[in-house]
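S.K.: Could you put together the complete structure from these sequences and hints?
Number of protein chains: 2
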Amino acid sequence: MNTLPKQIHIKEEGPREGFQFEKGPIPTARKIELIDALSRTGVKQMQIVSFVNPKAVPGMADAEEVVRGITPVPGVAYTGLWFNDQGLERAISTGRLEIKGSINLSASAKFLQRNLNRAPQQQIAVTRGMIDTYRQKNIEVERATIMAAFGCNFEGDVSADRVVDLVGQLVDLATEQGIVLGRMSLADTMAWATPLSIKRTVGAVQDKFPDLDLELHLHDTRGMGIANAYAGLEMGVQRFDSSVAGLGGCPFACHAGAAGNVCTEDLVFMCDEVGIETGIDLEALLKCGRLAEDVVGHPLPGSVMKGGSLRRLREKLSKAASA
Amino acid sequence: MNTLPKQIHIKEEGPREGFQFEKGPIPTARKIELIDALSRTGVKQMQIVSFVNPKAVPGMADAEEVVRGITPVPGVAYTGLWFNDQGLERAISTGRLEIKGSINLSASAKFLQRNLNRAPQQQIAVTRGMIDTYRQKNIEVERATIMAAFGCNFEGDVSADRVVDLVGQLVDLATEQGIVLGRMSLADTMAWATPLSIKRTVGAVQDKFPDLDLELHLHDTRGMGIANAYAGLEMGVQRFDSSVAGLGGCPFACHAGAAGNVCTEDLVFMCDEVGIETGIDLEALLKCGRLAEDVVGHPLPGSVMKGGSLRRLREKLSKAASA
Numbered sequence: 008m009n010t011l012p013k014q015i016h017i018k019e020e021g022p023r024e025g026f027q028f029e030k031g032p033i034p035t036a037r038k039i040e041l042i043d044a045l046s047r048t049g050v051k052q053m054q055i056v057s058f059v060n061p062k063a064v065p066g067m068a069d070a071e072e073v074v075r076g077i078t079p080v081p082g083v084a085y086t087g088l089w090f091n092d093q094g095l096e097r098a099i100s101t102g103r104l105e106i107k108g109s110i111n112l113s114a115s116a117k118f119l120q121r122n123l124n125r126a127p128q129q130q131i132a133v134t135r136g137m138i139d140t141y142r143q144k145n146i147e148v149e150r151a152t153i154m155a156a157f158g159c160n161f162e163g164d165v166s167a168d169r170v171v172d173l174v175g176q177l178v179d180l181a182t183e184q185g186i187v188l189g190r191m192s193l194a195d196t197m198a199w200a201t202p203l204s205i206k207r208t209v210g211a212v213q214d215k216f217p218d219l220d221l222e223l224h225l226h227d228t229r230g231m232g233i234a235n236a237y238a239g240l241e242m243g244v245q246r247f248d249s250s251v252a253g254l255g256g257c258p259f260a261c262h263a264g265a266a267g268n269v270c271t272e273d274l275v276f277m278c279d280e281v282g283i284e285t286g287i288d289l290e291a292l293l294k295c296g297r298l299a300e301d302v303v304g305h306p307l308p309g310s311v312m313k314g315g316s317l318r319r320l321r322e323k324l325s326k327a328a329s330a
Numbered sequence: 008m009n010t011l012p013k014q015i016h017i018k019e020e021g022p023r024e025g026f027q028f029e030k031g032p033i034p035t036a037r038k039i040e041l042i043d044a045l046s047r048t049g050v051k052q053m054q055i056v057s058f059v060n061p062k063a064v065p066g067m068a069d070a071e072e073v074v075r076g077i078t079p080v081p082g083v084a085y086t087g088l089w090f091n092d093q094g095l096e097r098a099i100s101t102g103r104l105e106i107k108g109s110i111n112l113s114a115s116a117k118f119l120q121r122n123l124n125r126a127p128q129q130q131i132a133v134t135r136g137m138i139d140t141y142r143q144k145n146i147e148v149e150r151a152t153i154m155a156a157f158g159c160n161f162e163g164d165v166s167a168d169r170v171v172d173l174v175g176q177l178v179d180l181a182t183e184q185g186i187v188l189g190r191m192s193l194a195d196t197m198a199w200a201t202p203l204s205i206k207r208t209v210g211a212v213q214d215k216f217p218d219l220d221l222e223l224h225l226h227d228t229r230g231m232g233i234a235n236a237y238a239g240l241e242m243g244v245q246r247f248d249s250s251v252a253g254l255g256g257c258p259f260a261c262h263a264g265a266a267g268n269v270c271t272e273d274l275v276f277m278c279d280e281v282g283i284e285t286g287i288d289l290e291a292l293l294k295c296g297r298l299a300e301d302v303v304g305h306p307l308p309g310s311v312m313k314g315g316s317l318r319r320l321r322e323k324l325s326k327a328a329s330a
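Just so you know, the sequences run in chain order V and B.
Counting in my numbering, the first sequence runs from 8 upward without gaps.
Counting in my numbering, the second sequence runs from 8 upward without gaps.
Just so you know, the hints here were simulated from the structure itself, not pulled from any lab data.
Do not take every clue at face value.
Note that identical chains are pooled: a pair holds if it fits in a single copy or bridges any two copies.
Under the rule of at most 16 Å between Cα atoms (straight-line distance), these lysine to aspartate or glutamate pairs were calculated in the EDC-like manner [claimed, not checked]:
id, residue 1, residue 2
1, Lys326, Asp164
2, Lys117, Glu72
3, Lys323, Glu162
4, Lys323, Glu290
5, Lys326, Glu162
Bear in mind the structure is a predicted one, so any value in this text is a computation, not a measurement.
M.R.: So this is what it looks like as structure tokens:
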């Protein structure tokens, strides 16, 4: 029954997802404090800022300052997010971020229009241009993403066939310029996925593209995040994005309805309990979850930071037994 | 891949779990308001009160008054919880509850001691006596429960073998008095289960006792509730306890760390989305979730009541498309 992977790679996206989303303002120093604390948990990759228009996303206006302020820990790759050449240039200028290329298409034309103000053909042109830019700058195209891969609030359900088709388009766009795509992220941007659709879509992509390394980006708006992650694990997925404390959403009065990525501590807890290595120290991470609540100034959705780890309980019981 | 059951039976435990847990006081009329609203969602069984010592559980001091006050809806079975003859007599006296026998053992001796102040041998004697009482009163013994079936905060992990052994003990106790046990509930009382341990333990019990109808009672303290429920569904489990809005716990400042049963709306949402019938109207249930928050006066953990159902979104999209 247990065909779970032996280990997985978690990309912490809490700082980027969270500071972008929070109505704030959150002092730059506190953002840096949380990023530095996360750096010491064993996490190996962390997306800490996005380089977007500060008028559209005021919470990211201090992106450069945040990057300048952190104390990098060896072995941790700090990354940023961008959607155009200007954003990429800003990321490169920091001189402190891991710069790898990422391209994406959206399974929903309407979401693409609302989110990036582009039509599908424009997005393909932009993607072609991005690949060209990466090639010219000798930047590795590390991965491609299908946004809204499981459904869209503005367009509805997305079939596994549609996702397979889009994966093919991304592979072809890379191949056109002599690039072999190694990694494909399926993003449940608007929280439409269920464990069943995760298994269906991941399975369909694996069947058609067995060499692609799949990655899941799961939002938790409808409480399915951890169940969806487990479905991914059962399908052999070994890469997950997640968000400390569930940062990036607040299912309470502050921002009704929204929710961030699946919570990192809850994912690490589940992995610990079923014997999957994450390389992350859960107890240190739980402290970061509580710090995140303090930094944003309101409760966040993570469960294990409130319920406590079982490892800690087992240690207490074992001490009591041997005393 | 999809071997999920076609339909499941959900027992709503929110009122009993919640009103027992909340520091309150909650006016009796408001308890009745929530129970009556839940009665109109399509739920077929609801545990609304427990008959316990009012000094130990002040929130249940008005149990009889609550039962007297509800407006029973035909087709809904209202039940109560008791742990001894005195509690059973109180339940019978109401004249309005479905009285079915339930017996239980604990996988953890230490939990049993703390929760019911009984040693394992005492619990077996009590159980034998309960069966005898039910038999004499012509009350059907509907189900047996293993408490702490997946782990215990005071004793640690519980193996699948241990659970199989306890299931055997309960079956034997019933058989001694000529009763065939049809239903067995495995309760993750202290939220130690993972999807993996659910599959292992449920699988082990099914292998040894293929005729038993299994039921899961899943607490959500560490955020695994929905993932554990899905693991149960994949194993063919068709009976679940759950709690509207996640009542019975409050993972926020009010009662740090505790959490109720898996949230009914989130479970019904997941079932709706993967094509499993529950007989429950999700939109009506979401209103009950919000009512539950109003009744207890603080946020509750349920996700879908904040994120919204997808059915509602699909309807909007389909209307817009045909307009």
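S.K.: Measure nothing new, just compare the shortest in-copy and cross-copy C-alpha distances for Lys326 and Glu162 to 16 Å and report within, between, both or neither.
M.R.: Only across copies: Lys326 and Glu162 sit 12 Å apart there, 55 Å inside one copy, limit 16 Å.
S.K.: 16 Å Cα cut-off: does Lys117 pair with Glu72 within a copy, between copies, both or neither?
M.R.: Classified as neither; 34 Å inside a copy, 54 Å across copies.
S.K.: If the cut is 16 Å between Cα atoms, do Lys326 and Asp164 qualify within a copy, between copies, both or neither?
M.R.: Only across copies: Lys326 and Asp164 sit 15 Å apart there, 52 Å inside one copy, limit 16 Å.
S.K.: Checking an output row: Lys323 and Glu290, CA cutoff 16 Å. Within, between, both or neither?
M.R.: within (14 Å within a copy, 44 Å between copies)
S.K.: Cα distance capped at 16 Å. Does Lys323 pair with Glu162 within a copy, between copies, both, or neither?
M.R.: Answer is between: at 10 Å across copies they meet the 16 Å cutoff, but 51 Å inside does not.
In terms of the numbered hints stated before, the structure departs from hint 2 and from no other.
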